[in-house]
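*Asks:* Which chain is which? The protein sequence lines are S and C, in order. Letter by letter, the first sequence follows residues 675 to 786 of the numbering used here. Letter by letter, the second sequence follows residues 13 to 879 of the numbering used here.
Be aware that one or more of the hints could be misleading.
What the hints assert, rightly or not - In silico contact screen, one side only, chain C against chain S (beta carbon under 10 Å); selected entries:
| no. | residue |
| --- | --- |
| 1 | H19 |
| 2 | E39 |
| 3 | G42 |
| 4 | D43 |
| 5 | M44 |
| 6 | E67 |
| 7 | K70 |
| 8 | R73 |
Unchecked claim - Beta-carbon label-pair distances, calculated as ranges:
| no. | chain 1 | residue 1 | chain 2 | residue 2 | range |
| --- | --- | --- | --- | --- | --- |
| 9 | S | M765 | C | N75 | 18 to 24 Å |
| 10 | S | A742 | C | N75 | 27 to 33 Å |
| 11 | C | F96 | S | K679 | 33 to 39 Å |
| 12 | S | K679 | C | E35 | 43 to 49 Å |
| 13 | C | L442 | S | I768 | 56 to 62 Å |
Think of the hints as simulated: they come from the structure by calculation, not from any bench. Where a beta carbon is used, it is the ideal one built from N, C-alpha and C, also for glycine.
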Amino acid sequence: MKKTKLGEFEELVLLTVAALQQEAYGVEIKRELESRLKEKLSVGSIQSALKRMEEKGFLTSQFGEATAKRGGKRKRIYATTSHGRKVLEEMKDIRSQLWNAIPKLAFELKAI
Amino acid sequence: MKPQALHPPQWPLKFLRFFLKEEYLEEIEGDMEEIFYENAERFSLRKARRMYAWEMIKLLRPNLIKNLEFVNHIIQYSMFKNYFKVSFRGLKKNPVNSFINVFGLAVAIGLAIFAYAFTRWTYSTDQFHENKHSVYLTTFFANRDGVSQQYGTTPRPLAELLRQDFAQIKSTCRVEDRNVVMKYNDHVFHERVRYVDPEFLEMFTFPLKWGTAGSLHDVNSIILSEEMSIKYFGEENPIGQSIQMIYGKDQSKVFKISGVAKAFPKARTISFNFLINIENFRTTEPGYNVDDWNAFVNATFVYVENPSDLIAIKSKMEKYKTLQNSAAKEDWAISSFSFEPLATLHEQSEYIKDDISRSSKNNYVSIMFMIAIAIFMLALACVNYINIAIATAAKRLKEIGVRKSIGATRKVVIVQFLTENVVVTLFALLIGLAMGYFFFIPGFEALWNFNMDFQFTDINLWIYLPIILLITSIASGIYPALYISRFQATTILKGSVKFGQRNVLTKVFLCFQLVFACVFITMSVMFTQNTDYMSKRSWGYNQDDALYAMVPDQASFEQLSAILSQHPDVELISGSTHHIGRNHKSTVLHFPSRNYEVDQLDVDAKYFETMGLHLKAGRWFNDHEGSDQHAVVINETLANTLGGNPIGQVFQIDSLQFEVIGVLSEFHSYSFSQTVRPLIFKVADKDDYRFLTVKARSGSELIVYKALQAGWSELFPEIPFEGGLQQDVWGPYYREIGIYKLVWRVFALIAITLAMLGLYGLVRLNVEGRTKEFSIRKVLGAGLKNITASVVNQYVSLFTIALCIGAPSGYWLGKWLIEFSDEYHMPITFSGAAVAVVITALVLIMTVFTQVWKVIKSNPINGLKVE
Chain S
675 MKKTKLGEFE ELVLLTVAAL QQEAYGVEIK RELESRLKEK LSVGSIQSAL
725 KRMEEKGFLT SQFGEATAKR GGKRKRIYAT TSHGRKVLEE MKDIRSQLWN
775 AIPKLAFELK AI
Chain C
13 MKPQALHPPQ WPLKFLRFFL KEEYLEEIEG DMEEIFYENA ERFSLRKARR
63 MYAWEMIKLL RPNLIKNLEF VNHIIQYSMF KNYFKVSFRG LKKNPVNSFI
113 NVFGLAVAIG LAIFAYAFTR WTYSTDQFHE NKHSVYLTTF FANRDGVSQQ
163 YGTTPRPLAE LLRQDFAQIK STCRVEDRNV VMKYNDHVFH ERVRYVDPEF
213 LEMFTFPLKW GTAGSLHDVN SIILSEEMSI KYFGEENPIG QSIQMIYGKD
263 QSKVFKISGV AKAFPKARTI SFNFLINIEN FRTTEPGYNV DDWNAFVNAT
313 FVYVENPSDL IAIKSKMEKY KTLQNSAAKE DWAISSFSFE PLATLHEQSE
363 YIKDDISRSS KNNYVSIMFM IAIAIFMLAL ACVNYINIAI ATAAKRLKEI
413 GVRKSIGATR KVVIVQFLTE NVVVTLFALL IGLAMGYFFF IPGFEALWNF
463 NMDFQFTDIN LWIYLPIILL ITSIASGIYP ALYISRFQAT TILKGSVKFG
513 QRNVLTKVFL CFQLVFACVF ITMSVMFTQN TDYMSKRSWG YNQDDALYAM
563 VPDQASFEQL SAILSQHPDV ELISGSTHHI GRNHKSTVLH FPSRNYEVDQ
613 LDVDAKYFET MGLHLKAGRW FNDHEGSDQH AVVINETLAN TLGGNPIGQV
663 FQIDSLQFEV IGVLSEFHSY SFSQTVRPLI FKVADKDDYR FLTVKARSGS
713 ELIVYKALQA GWSELFPEIP FEGGLQQDVW GPYYREIGIY KLVWRVFALI
763 AITLAMLGLY GLVRLNVEGR TKEFSIRKVL GAGLKNITAS VVNQYVSLFT
813 IALCIGAPSG YWLGKWLIEF SDEYHMPITF SGAAVAVVIT ALVLIMTVFT
863 QVWKVIKSNP INGLKVE
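Please build the complete structure, drawing on both the sequences and the hints.
*Replies:* Here it is as C-alpha cells:
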C-alpha cells in the first residue's frame, strides 16, 4: 500500500461511489450505505470522508442538476478516479491473498 | 401538514453558514434539506427538525469547517505552553528567588483579601432588613451651646400621635430598654430586655426559628434571641416554657416563651436579647406615663410605604414641637424633628446622640487604613519582584537573544514575561488566599471577638480576585518586561550587553522598600511606647484600691454596708447614685451669662476619699445628713471653662440655686480616648443609692472583692452580683490599645520581612555575580574588612537616604495617628523613631553580613573556577 492510506470507512464510501455511478451524491451514498450496513450514519461522517478522499485524489466531483426537493441547490456527483479504482483493487487483492494464506486447518480446528 | 410549515429550522442553517467552508456549502445544504424532507415524511415534523439541527452540529468536523481567524492564532497560543514550561523551570531553578517573590506577593495578597472581607462585612451592615428603605428612626434636633445636635430618642407620646395623624405612616414601634434579672431554674443572670410594640418583628427582618412573631401582642409572651435560648435552655426548643423576670428589688413577672429568633446576621447594629410587649410597663413601672412629653423613649421607628411621604409629614410636625416645648423643661427645647432611614442608620449613628443603633464609623476609618496598608504591602512585594527580575535578567539574556533571532518580536517577548508573571502571581494568589482565610481573617476575628462571615461563595470575591491577579501581575511585570525585551538580538548574542548590576531604578525601588519598612517599624515602636505609657498613666484617682457593687436600692445598700464594715481590710464605704467610669447623667447649668451642658454624678460625702480623688481648692461635702444640699464640687475642666476663681460661683439647675464649694484635680471618668468633659458632683439622695463603693487597704483589694461577693450572695442569693475592681472598668479600653500595638507589630514585621527579602535577594545576586572578583581579592590578601567594605559601600548611601526619609515620615504618621485615636497620649518624642532606625539598620546589616560571611568562608579556588 502507498502512503495515502484508505481507512475502512473511507473504503466503504469509495466502493459505494463506484457502485452508484451517476447516482453517487451525498444523500444517495448515505442511503445506500445505511441500508447495507444496517445502521444510521451522519451527514458529517459521509461528507468528511468524501472530502478527505477527494483531497487524496481517490475521487473527483462535479455539480449535477438542482431539484425542488433540495431547495434549488445542486447535487455534487462523485466519481472514482483511476487511482482510486487501482487502490480499491489493490485492497481487494491483498485481502484475498491473506484469505488464501490462512491454513484451512485453522478454521477446522476452530470448528471443533 | 401545511406546506408553509414544512421547512427546516433557520438557526442551524445560519450556524452552518458561519462555520462551513464556502465551497461545500451548496452541496451540504442541499443534502441536509433533502434528508430533512425525507425525515419529515417518515417521522413527525418536529422530529425531523430536531434531527436536522443535530446533524448540523455533527457537521462540525475539522476538514469541513472554515479556517477562521482564530485558528491561525492557535499556533501562537501554543507558545504559551512553552512560556508556562519556562516559567515553571525558572521557579524550580531559583528556589530562593521564587520564594521571595511568591511569599512576598502572597502576604500582600492575603492582606488585600482580608481588607476585602472586612469592607464587604462593613458595607453589608443592616442590609438584610427587607424594609430597610421603608423603616425610619424618628430623631430630633436640639440646640446645645449654640450647636445643633441630633438625638435618637423621642418624646413618649409621639409614636401614638404620628400613627393617628398620618395615614401614610403604616405603623410605628417604640423601643425601650431596661436592665432586669432573668431566672430559669438555676440560671440567673443580669439581662437587658427590650420593651417594644408588637410591630417590631414586622419592621425588622428577624425570622423566628421557633414560635410565631404575632405572639408579641400578648403581654405575657416573651421572644428570645437564639443566643439567649441556648444560654438558658441549651439546644432544646423552649417554646411554652416559663421564665421569670425580676425587676426592681424583688418584684417579678413570669413570661411564657413564645418565640426564638434565628441566629442574627453578623453585620447588624440593632438586635435584641429579649423582646416583650411595651404594655408591660403598666405592671412593671406603674408610674410610666405614655402621655408625658417630658419623658423619652429610647427609639421610635415608623414604617412608610412611600419614603417621599416623609417630606409632607415632616412639614406638619411643627405642632408636636410646640406641644413638646410647652410641656418640657426649657433646657431640652427641640428645634425640629427628622427621620433617618434604617438602611443608612449605621453610618449616621456616630452623629446621633443616644440612639440605640451602633455606629460603624470606626469601621469606615479602619477600611481606609486597611486598604492603604494592603496597597503598601502590594507595592513592596511588586518592587521585590521587579528588582529580582531585573537583577536576574542577565541570566536570561541568551534565551531572549535566541527567541528574538528565531523570529520573536518585542511584543512576543513582553507577552512571554507577563505570562511568567501571571504564573508567579497565581501561585501567590493561591497561597495568599489560604493565608487570608486561615490566618489573617480568623486572627483578626479572634482579636476583636467578632465574625465577619467570610465565604468563598461570595460572587464579588471572584470578581475581585482576578482583578487583584491582573493588577499585581501587570504592576510587577510590565517594567521588567519592557526593560528586558528592549535589547537587540545581535548585541545580546555578541555578549556586549551588561546590565543588572548597576541599575538606578533598582536602587530607587530598594530605597522605597526600606522607607516603608522604616515607617512601619517607627509606628509600631511608637504604639508600643504609647500603650506602655497608657497602662502606667494616672487616672487622676486611686483606681487600684477601689471596688464597687451595684445595688438595687437604699435598704440593700445599708445591709451590704453593714456586712462589709466588719471586714478588717475595708477602710471606707460610700454610697452614690452614679459612679465614675460606669454612669452619669446630663444636666444644664444656667449661669447669668451663658449655659453649660455637663455630666452630673450624685454621691455622698465619703465618695471622694473612697475613690482617692484629689481636692485642688475649696472643700468636700460635709458628712452629716441634710448638709450641702445646694453645693456642688466641680472638676478642673469646668473650673477652667468658668474662669476666675470658681469657688463661690453661683448658678441654677432647674431654677434651683447651687454654689461651687470645691474643685477637684483633673481625673478621667472614662478612658483616655475620651476628652474629659465638664462635670459636677452633687449630694445624692439616700433613696437613690445605686452604687456601693469600697476603699480596700492597699494591696488587699482581691480579698475585699471576695468578701464583697460573699456578702452579696448571702444577702441576695437570687440576684447575680454586679460590680468589681475599679481598675477593671477600663478593661475594654486597655484591650483595644493592646490590640493596636499587636496589629502594628504584625504590620511592621511583614514590612521588614519583605524589605529584608528584597535586600537579601539583591545582595545575593550582587555577590554571586562578583564571585571571581572576590576570589581574586582574597588571593591577594583581602580580609573581612576589605570585602565587607566592598559589598557594603554601594548600599551605605542607600540606607542613609532611606532612613532619613523613613524615620521622619514614620514619626509624623505615628504622631498623627496617636493624636487621632487618643485624646490623652504620651508626650511624643523622637525616641520611637530612633529605636526604629536602630532596628532597621541592624536588620539590614545582618542581611548583608550573611552574604559577606559566605564569601569569606568560601575557598577562592572554587570561586576562580567559575565561568
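*Asks:* Would you settle whether the hint for C/M44 is holds or violated, based on the nearest Cβ-Cβ distance to chain S being less than 10 Å?
*Replies:* Since chain S brings a Cβ to about 6 Å from C/M44, closer than 10 Å, the hint holds.
*Asks:* Under 10 Å is the threshold here; is the Cβ of C/E39 close enough to any Cβ of chain S for the hint to stand?
*Replies:* 4 Å, holds
*Asks:* Taking the least C-beta to C-beta distance, is C/D43 closer than 10 Å to chain S?
*Replies:* 4 Å, holds
*Asks:* Hint says 56 to 62 Å; check whether the CB-CB distance for C/L442 and S/I768 agrees.
*Replies:* For S/I768 against C/L442, whose Cβ atoms are near 58 Å apart, the range 56 to 62 Å holds.
*Asks:* Given the range 27 to 33 Å, decide if the beta-carbon distance of S/A742 to C/N75 lies inside it.
*Replies:* At roughly 30 Å between Cβ atoms, C/N75 and S/A742 fall inside 27 to 33 Å, so the hint holds.
*Asks:* Quick check: does the Cβ-Cβ distance between C/F96 and S/K679 fall within 33 to 39 Å?
*Replies:* 35 Å, holds
*Asks:* Are C/E67 and chain S close enough, Cβ to Cβ, to be under 10 Å, as the hint says?
*Replies:* 5 Å, holds
*Asks:* Given a cut of 10 Å on the nearest C-beta pair, is the interface hint for C/R73 held or broken against chain S?
*Replies:* 4 Å, holds
*Asks:* With chain S as the partner, please determine if C/G42 meets the hint condition of a C-beta pair closer than 10 Å.
*Replies:* Because about 3 Å separates C/G42 from the closest Cβ in chain S, which is inside the 10 Å limit, the hint holds.
*Asks:* Is 43 to 49 Å right for how far apart the beta carbons of S/K679 and C/E35 are?
*Replies:* 25 Å, violated
*Asks:* Using 10 Å as the Cβ threshold, decide whether C/K70 counts as touching chain S.
*Replies:* Holds, about 4 Å.
*Asks:* Do S/M765 and C/N75 keep their Cβ atoms within the hinted range of 18 to 24 Å?
*Replies:* Given about 22 Å between the Cβ atoms, the range holds.
The structure does not agree with numbered hint 12 stated previously, though it agrees with all others.
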